[in-house]
Each structure stands twice: as C-alpha cells, then as structure tokens.
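A.B. asks: Sequence order for the protein chains is A, B and C.
Everything in the first sequence is counted per the working numbering, starting at 110 for the first residue and increasing by one.
Everything in the second sequence is counted per the working numbering, starting at 1269 for the first residue and increasing by one.
Everything in the third sequence is counted per the working numbering, starting at 13 for the first residue and increasing by one.
These aren't lab readings, by the way, just hints derived from the structure by calculation.
Each residue gets a CB set at the ideal place from its N, CA and C atoms; glycine is no exception.
Hints may contain errors.
[As the list claims (entries may be wrong)] In silico DMTMM-like pairs for lysine to aspartate or glutamate, Cα to Cα no more than 25 angstroms straight-line:
(1) A:LYS182 - B:ASP1366
(2) C:LYS426 - B:GLU1482
(3) C:LYS532 - C:GLU592
(4) A:LYS342 - B:GLU1495
(5) C:LYS209 - C:ASP501
(6) A:LYS183 - B:GLU1482
(7) A:LYS343 - B:GLU1495
[As the list claims (entries may be wrong)] A short, non-exhaustive set of chain B residues, derived as facing chain A with CB atoms under 10 angstroms:
(8) TYR1295
(9) SER1296
(10) ASN1344
(11) GLY1345
(12) THR1354
(13) TYR1371
(14) ASN1487
(15) CYS1494
(16) PHE1514
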Amino acid sequence: MALTGLFLCTFLVGHLLGNLQLILKTGEEGRRAFNEYAYFMSHNPAIKILSWVTYISILFHAIDGILLTIQNKKARPIPYARNNPSKNSSTPARYMAVLGTLVLVFIATHMANFWYKMKISEEVPMHSFIVSVPDQSGQIQNQEFYYTHNLQLIPKDDNFSVKNGTDLYMSKMNIKIGEGYRDLHTVVMQFFSKDNDSALFAVLFYVLSMFVLSFHLWHGFASAFQSLGLNHKKYNAAIGYIGKGFAIVVPLLFAIIPIIIYLK
Amino acid sequence: MAAKSINITLKIWRQKNANTKGALETYSLNEVSTDSSFLEMLDQLNEQLINERKEPIAFDHDCREGICGMCSLYINGRAHGPETGTTTCQLHMRMFSDGDTIYVEPWRSRAFPIVKDLVVDRSAFDRIQQAGGFVSVNTSGNTMDANSLPIPKDDADKAFEAAACIGCGACVASCKNGSAMLFVGAKVSQYALLPQGKVEARDRVLNMVRQMDEEGFGNCTNTGACEVECPKGISLENIARMNREFLKAGLSSEK
Amino acid sequence: MSVLDSKIPTGPIAEKWTNHKNHMNLVAPNNRPKIDVIVVGTGLAGASAAASLGEMGYNVKAFCFQDSPRRAHSIAAQGGINAAKNYQNDGDSVYRLFYDTIKGGDYRAREANVHRLAEVSGNIIDQCVAQGVPFAREYGGLLDNRSFGGTQVQRTFYAAGQTGQQLLLGAYSALSRQIGLGRVKMYHRHEMMDLVKIDGKARGIIARNLVTGEIEKHAAHAVVIASGGYGNVYFLSTNAMGSNVSAAWKVHKRGAMFANPCYVQIHPTCVPVHGTNQSKLTLMSESLRNSGRIWVPKKKEDAEAIRAGQLKPTQIAEEDRDYYLERRYPAFGNLVPRDVASRAAKERCDAGHGIEANDTNEGVYLDFATEILSKGRQSAYALGDHNPTEEKMRELGKKWIEEKYGNLFQMYQKITDENPYETPMKIYPAVHYTMGGVWVDYNLQSTIPGCFVTGEANFSDHGANRLGASALMQGLADGYFVLPYTISDYLSNEIRTGKISTESPEFDEAAESVKASIEKILSNNGTHTVDHFHKRLGLIMWNKVGMGRNEKGLKEAIEEIGLLREEFHNDVFVPGTAEELNQELEKALRVADLIELGQLMAIDALQRKESCGGHFRDEYQDAEGETLRDDENFKFVAAWEYNGSDSTKSTLHKEDLKYEFIKIAARNYK
C-alpha cells in the first residue's frame, strides 16, 4: 500500500503539471501546448511504461486496500456498543477505505470522461484550426488545417485522410505524410464549459472528489512513510508538514482547473 | 480533595461463556466513593449482586497498580477508560460524575475470544512471544560478563521504553482494525535495539509477524489510536522499526 | 535428630556451594526427557526454574492462575536487584552482600543459604543481560547502579522503577522459548488444588482449570512450588489481588513444614487506606525518603482538626510539627530501615496523632517542602543567582523534584487527587512481603521428598527482615542457579521409575477430596460474601498480628480466627457453579487457606517471645522502644507441622541456627 501510494503521489504531481497547461496558457497557444502534452503522454515509450505502472498501482492499491479492509473487519466480528474513536485518531485515518473507494469511483468516472474517449473510443477529434488565406483572386478563404509534428500544415479536405488515430495520409496514394494531434483540449474545455448543460454538475463532482482525495492524502502521505519504517524523531515533523501540505495543495490545484474553465 | 459519593448507572456486557450470546445489562450503583478505583467500584457492584443472590460480573485484574497488564475493559468507548496513560485499575471514579451512565465492554477482537462477561483470552500474545520474542541463550549465568558488551545509553533507554509494554491488549482493543502491531513492534524493537538481539533479528521478526497474522489480528493502517490509548505510552516508532526489520528480513532471508 | 535436616554441606562457607555442586549426582541428557517436573507459579522463581529445567531437557509442566505467565506479581517490584559485582569499585564483595543480608535479617537466616545467594548474585546480572533485559546504563554504555537501604555500597541494578517487570519479562521470554520448543507445557488459568503423594514422595498435583472448572490430575517425578508470599492474609497489602498461600498451604497440609510464618515485612511508605471499599494498597518507592521528611502534628487537637478538614498541613507551624524519626533516630533520621520506620508511624497514630480522615485515622505526612526550598536554592546558585526569592527557590526546587521523582508524584496524584508538590504526601505502612514460608533444606527441598519450594514461597534467605532489592535476587537465584542442580540430584534416583500414572488411588483420593471441598463450599448457601470474611480476617491480622504484637492480642487473635474459620465454613455464600469460570469460588478456596495460615501466624508470633526484624513484640523492647532479640532462646527456625485445620493443634519443630562465620550483634540505627 505504501509503495503504490507514494508512487501514485508522484503520478498526481505529473498529472497536475500537465493539467495546469489548461489554465496557464490561454487561447490557441494553450490548446497547442496541452494537446502536444497529451500526445507526449500517450506516445512516449517511457511514459507508456509509467502509465502501465500507474494502472497496475491503482489496481493493486485498490485491491490490496479492499482485501486488507475485509481482513480488518473480520478481526473484530462484534463491534463495540459504545465507541469513542475520535479521542484517539483522526477522522481521515479511520475512513481511508471509504475515502479510497470514493477516489476509485472518481478515477473510473474521470477515465470514462477523457481517457476512454482519447484512447479507446477515439471520439476525440483531430486538432485542426482554420487559417484565413487570400486565394489567387485575392479573396479571403477560410481553410482548415491539421498540423503535424514537423509543423507541416495539412489541409483538412478530401485529399487527406486520418488513419490509425492520428496518422495523416494522402488519400489517393496511401502515403503517410505526417502525424497530427488529437484535440483533447477542446473536449476538456467543452466538458466544463458553461455552455454545456451538465458542466455544473461535472465541476461540482470534480471539486468534491478532490476534497475526498485531500482527506485520503491527509492521512495517507505520512502513513506511507511509517509503513516503510521511516519514522525518525528528526524527520517526523517534516514528513508530517509535507504530507499535509501535499494533501492540501495538490487537490486544491486540481480542483481550481475545472472551476476556472467553467467561469471563463 | 475530599471524597464525594456518586450514583451511577452501568451498562455492562454479560456473557455466560465463549459459546453463548451476550448482551449489555443495566445496573444502578449508589454511593460510589470518588476515591475508589474503577475496579473497586466493580467490586462494590459485585458485592451488591452477590448479596442479591445474583451472579457477580467476571473481570480480569491482579496487581491493581498498573503493571501486570491483566486488567482491561472498554469504558465509555475507550480502552482503559477516559484517562490516557492509565490502566483501568488506576482509573479513579473521580473521572465520572453523579448520574453518569457508564458503558463497560470487553476487548473486542477475533484473536481475543471472550471467556466470560468481561474476561477475554489473550493467549494469542503469549503464542506470538513464543514464536520469537526471546534471545536464545541458555541458563548458564556465565555466557559473558554483563559489562563486557557496552550498549549506548540511548539504545538501552529506547529498548527499555519498548520493553515497558505490559501486554494488556489495549492497542488491539482500540485499533479499528484490531491490529496487534504495537504489541509485536514493541517486542521486536526491544531486541532489535540491543546487540544481544541482533543475531536472531531476521528470524525473530519473520516468525513473530507470521504468528501474529495466524492469530487473526487485523492490519495496521497507522491511525495511531494504539499509541494514544497505550497505558504505557509505547511509541509508534516501534511499529516503524518493526516494519524496517521486516522489510530487511524479507529481502535478505533465504527461507 | 530433629525431623529438620538442613543438609548444609560441611567446609568453609565460601566453598560449601562449589563443593556441593561438584559432588551432586547428575541426570544424563538422554535420561532427562523421561522425567517429568511440575512447576507451580511463573514469577521470577517459577519462570526461571521452568525455563532452566526445560533447557536441560526435562519434561516440564508449568502452572499459573493468571491468564499469562507474564502477569505474576514479581512484575510489580520497583526498586532493583542486588548483586555483588563491585562495578562501582566501592568495596563490595560476595562477603559484604552475605553479611549485609544476614544482618538485615536480624540474624534469623541460615548462613550457608545466604552465602550461596550472594555467590550467584553476579551470575543473575550476567544471565539477564544476555537475555536482553534493558537495565539502566551510564553514558559510557556500562551498567548503572544505585544504593539501597541497609547497605553502604552501590550494588543495586535497576531498570527505572520497573526492575521487577523487566526481570520477569526476561524470565518469561526464556520460558516462552521453551514453550515454543515444546519442552515446557504451559497451563495458564490453572490453579493447583492439592499435592499428590505416593509412597511418601511428591508425585503430582491436582489442578483446577479455572475456565472450565475441570479437576485435572498431573503426575510428575518432582513438584516445584514457586507460588509467592502470603501477604494477602491481611486483605489489604501491596500484593496482587490473586496472590495467595494455597499452593504452599496444600503442600503444608500434605506434610511439609511451614517455617517462621510470623515474619512479615511492612513497608513504611504506601498510600494510606481511603475507605472501606479499598481493595489494595499501593507502594510509593522507598527512594522518596531520601528527600521527604516524615512528621505528624505535635498537638492532638491539630491532628483532629486536620482530620475534620478544618486545618491544612501547610497551616501547621514548624514548631508544632513532630518530625518523629529525626527526633528518635538522629543518626539515620528519615532513612531508618523499613521495620523501624513503620513501627514509629504506628506508634504516633496509636497515640492519636494520625492525620488521615479514614476509619482508623492512620496516616502520617511525607513532606517535601524543605527539600524543595533547599534544592531550589542550590539550583538558583548554580544558575548564578545568589540571592533568590523564595518564590524562585520554590519554582526551581519543584523542577528538581519532578526530574527525580516525577512519575511517583504523578502516580500519587492519580490515586489521591492531591498535588504533592503543594501539600505533603500522606503515607502509612502496608504489608509488603513475607519472609516466612515452606521450610526447605539447603537443596530447597521441603520435608516431602520430591517437593521443592523456591522464591518467596520458601522461608530460607531473609531471616526476620528482607533488605530492599533482595527479593528479586532470591527468586532468580533459586530458579536459575540453585534448583536446576539440586533437583537433578534428587531426580538422578528417578531415571528408572518410568512414567508416573495418574490412575492410582492416591490421585483419585486427592481429586475426590478437592471436588468434595468445592462442592461443600458451593452448597453452603450462607449469608455473607467471601470478601466479608476476608476483610474481617485482615482486620484481626492487622490489629493483632501486625506491626506491634503482644501476648494478649495474639491470644485473642488465635481465638477470633478460630471462630472466624467456623463461621466462614458455615456461613459463606459462593454463587455460581464449579463447572465454569467462577472467581468467587477461587477467592473462597484461597481465603479458606488464608484463615488457617493467619491463625498459625498468630501462634508462631505468640511462641516467639522476642522481637526481631519484622516481628515486634511489645513486651520485648528496650528502653527506647527498639527490638530486643533473645538469641539464647530463639535463635531457631520455627517450623510447624500441620495437624488439621485448627492451627492450634500444629506441632512446632525447631531448626537451630548456627552462626559460624558471622558474629551476632544487635542492630543499632541511632
């Protein structure tokens, strides 16, 4: 639990840095930065390995947590008629299993919202943009382009087609001429946009989930160190402060993103 | 402070034996001196019950000075009652007020089956100790001179603090998971901190943890309740030390 | 020759034990697994014996009435354990420890036993350290020592205020190892109900499983009784609630002599009795007398006013206080030995100066105000303040006290709800240890062959008064280093005996008589609880066989206890059945034995027409109220033979004490 938990904490940091692209840069620049980041995350071989480690960690953390909780419940078949645990332990510490389950529900929902669309159903459209160029007659023409990794602009018309997700081919000759990006940025923006009827609900759900995550981390961060045997008078205070800081700052920043998008 | 006399209501777990079902029974007890210890209050109740020709309440106790570890009791939702750093035998009735209702339950743990009423069987602790809680040295009296092996005072003091555990089981009782990690951690720590214990350190921690798991205790989720409720203030540091020893042993053991 | 053969080896005192060991018979390792040994009790003496015998390869069965062998009352010992290691280079030696112990026992202990105890004392420390017992250490990593009463050297090893706990857990760990290896079978929540003798030899015990109530027969080639002392005969004592005399008494009933029952140690500094529902007394460490001054009000009116709550001790002027120990014993002052301090407190309270508002007005003050001021001044000077205000001195002084005695002050406050930094502690003597016990010879064997008795349960090493930090020493010495040799010598004759069967008329008779006595007590259907009788017994014992005894009181006690015994058996009410956990039944069976013992204590005290150590007869004191020994007529061990539940029928046998190596002198603390 401790090892996977701490690994997932580092994952949170990586994920957060990426997500911050959604609000730190604006306009077309932000869109490009985020989509490029999204591409990097799903195509870099090292990241791919890391993401598999992450999936396994989440599964292991969840399954192990459930198994431990079952064992722990069995260890006290008859509950106390009168119990006063608030005198000896913090609330998050006692509700780790419940908090963890809620986090798991959130992760499932979150993955259905974005990850599934991105990776499985491929509902996320290609990143394209409209460029206004004068034609030979001097008329301004709006033309839509994909752009590729080597910064080519490929017109979005019948001459070109998309294959294997993001590969751009010349339709007639079946020659790959470049690779484009998926436009996850727009999907996210629309998902949380005021224009979207269900956005308010989504924002609330995400923000509440971050509260849950915060409580989970409030106990979990320092607890992981204790489980690994890292309890030392000299460092306990530091681990405690860092843990609580982490539990507040990371979920807070995650939660701010949908709020800002919604309010835009 | 002058002793006062209070009247209280008690809700006490009664259970004939391990095989029958139990229930909370209500008793009223008058004129309890606030100078009485909690167990003396139960003595008084038992005297009253016997005089009414009823069966007295069975509870474990012996030294009544906070060191033998025999007394237990979950009082108003807390192991050894509301005062920290105190065993039930040293808890005094001045912690309660006139008219109070006091819940008294046995330790609840699968590994501590109820024997009768408030008496539980804690021999699981003994079996954990038998699995490795010792230094394998025979009685010869001259293995080596006591002063031939200097031990840093800090280590000796820490070993003593761990060894101060009285084996009462309050850690298990107050842990929401019914975990025995503080008890086992204290024993493992005592020996891990001393040179005499180093030789068998690897087998000791593996064997004791295996026995602990077999006994049906729950897992440690670091809530820290055990440390707060431990009448001897055994530190969570001991659990961390055991975790360290366990990881080390698990990685290096060839068994 | 007397029936009491002490079997003390001949030769110079320092060579007796070594020579004896060298000539004892052994049991070869391959024969040991054929031999069974029963050990009753798992305190220091029992656990160490069971562990050692298990290591040797015998089949051991160990019994304790508690839920775990680790609970035995040795665990409550605070101060420390003596050993003649001379680590402090202050002139200690085996001889000095031997001499101090004999003198401390007021010349009523056996020289040879005590010398052996001093000889093996060093091994105890080596053994415990090897087992991982965390004794207190100095910054250099070596073992620390402190000094204790009755000695002029620093030979006491300790582990904070929990030395007994650490030593017992050490012995328990050794025992646990043997249980884990299958060489010792542990029977917890089992109480020994009787000893079984076949052809005159101890061959087993009858035990009651306290959870199921089953009466079990256990056979063995030898039985070791290590069941502790009998202080609970006084009802209120510093002993554990379960401490009892029953195992020792059953052995006595089966023919073992019971020696010196009247020798009881009463510890001067305990928290006084607060009321009629009190179950137990708590010791405050002797070390407090280093800093506290003991006093009572000079005027009886002041004492009365204090008891009535009209006056506070701090309101009594200095000249109206009687620091009676400093007045009577200017040389030793507040640090006189335990028995002297206890008697002096009783004398003042009997004279009407007691300050505790309880039924008996028994209590004196232990006052730290003087020490707080003087240590406060010292601390202030050390900080460079040569003109400290009283307030400053008080503040610094309290800090000094807290560092030194913080945990004791906290414990006192928990029990009494009074702050001893602000108001003097109230203390009073309480029964603490019993020097008497089953008579044993030099080999720790009782007058029943095959029945050995160790630790506080025997009588052997402390004479009429035990020195502080010597009880732990004796328990472990017996169990680790004496019994394993002497019992092997006995068992060497048993290698051809073969397995002892429990299918014999002797086992049946013993089991049936146990069942009958249980049945009798359960069907009695009387009107009073066990505690009712126990409290009455305790009151008689405390008032008439307590700190000060006299012929009249003892005779009354003998008669009153006789009547109480009749009344108990006719009128006690024990609810519940025999086939379940029945704590009232356990208590009743123990109290029945305590009543018989109590009467014998009074009889023994009556015959001992002298004062020595813990036994003080009002008639035998010098002009200044000190003990007056009669070495000409009473330099003997009084060993009593059982002749029925009426202890007045017991027969006295005497073992003369020979002092060949120490010259007898009077104890003087003025």
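A.B. asks: For each hint, tell me whether it holds in the structure or not.
C.D. replies: Hint-by-hint comparison with the structure:
{"no.": "1", "hint": "A:LYS182 - B:ASP1366", "in the structure": "violated (36 angstroms)"}
{"no.": "2", "hint": "C:LYS426 - B:GLU1482", "in the structure": "violated (39 angstroms)"}
{"no.": "3", "hint": "C:LYS532 - C:GLU592", "in the structure": "holds (16 angstroms)"}
{"no.": "4", "hint": "A:LYS342 - B:GLU1495", "in the structure": "holds (15 angstroms)"}
{"no.": "5", "hint": "C:LYS209 - C:ASP501", "in the structure": "holds (19 angstroms)"}
{"no.": "6", "hint": "A:LYS183 - B:GLU1482", "in the structure": "holds (13 angstroms)"}
{"no.": "7", "hint": "A:LYS343 - B:GLU1495", "in the structure": "holds (19 angstroms)"}
{"no.": "8", "hint": "TYR1295", "in the structure": "violated (15 angstroms)"}
{"no.": "9", "hint": "SER1296", "in the structure": "violated (18 angstroms)"}
{"no.": "10", "hint": "ASN1344", "in the structure": "holds (6 angstroms)"}
{"no.": "11", "hint": "GLY1345", "in the structure": "holds (3 angstroms)"}
{"no.": "12", "hint": "THR1354", "in the structure": "violated (13 angstroms)"}
{"no.": "13", "hint": "TYR1371", "in the structure": "holds (4 angstroms)"}
{"no.": "14", "hint": "ASN1487", "in the structure": "holds (5 angstroms)"}
{"no.": "15", "hint": "CYS1494", "in the structure": "holds (8 angstroms)"}
{"no.": "16", "hint": "PHE1514", "in the structure": "holds (8 angstroms)"}
Hints 1, 2, 8, 9, 12 from the list above are not met by this structure, while the remaining hints are.
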